Amino acid sequence: MGTTVATNALLERKGERIALFITKGFQDLLYIGNQSRPRIFDFDIKLPEVLYEEVIEVSERVIPHDETCKMNCSGEIKKTQSGKNINRKY
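Residue 7 is where the sequence shown starts when you use this note's numbering, and the numbers rise one by one after that.
Simulated crosslink set (BS3-like; lysine-lysine; CA at most 30 Å straight-line):
| no. | residue 1 | residue 2 |
| --- | --- | --- |
| 1 | Lys52 | Lys30 |
| 2 | Lys20 | Lys52 |
| 3 | Lys30 | Lys20 |
If you're looking for bench data, these hints aren't it; they were derived computationally from the structure.
Remember, predicted model here, so these are calculated numbers, not experimental data.
Take the sequences, apply the hints, and build the full model.
This is the structure we're talking about:
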């Protein structure tokens, strides 16, 4: 039941604000996407609206073995576009 509620909130854009955390250097990955589209020769391409409001790049990546691989990082504190700090709680 919780999955249906969460999916509906995303689709209807009625839930909480969403940020996308992604590996540094891949900020535009979901926006750019790929070339798969229903009408391949259509010049008027309509892209769907993105679900997230902010993209926050982090200096690490997830590797296939389900581990987190931290890249060389100077311990920088990430800030959102609105100026808020991101706290990592482990």
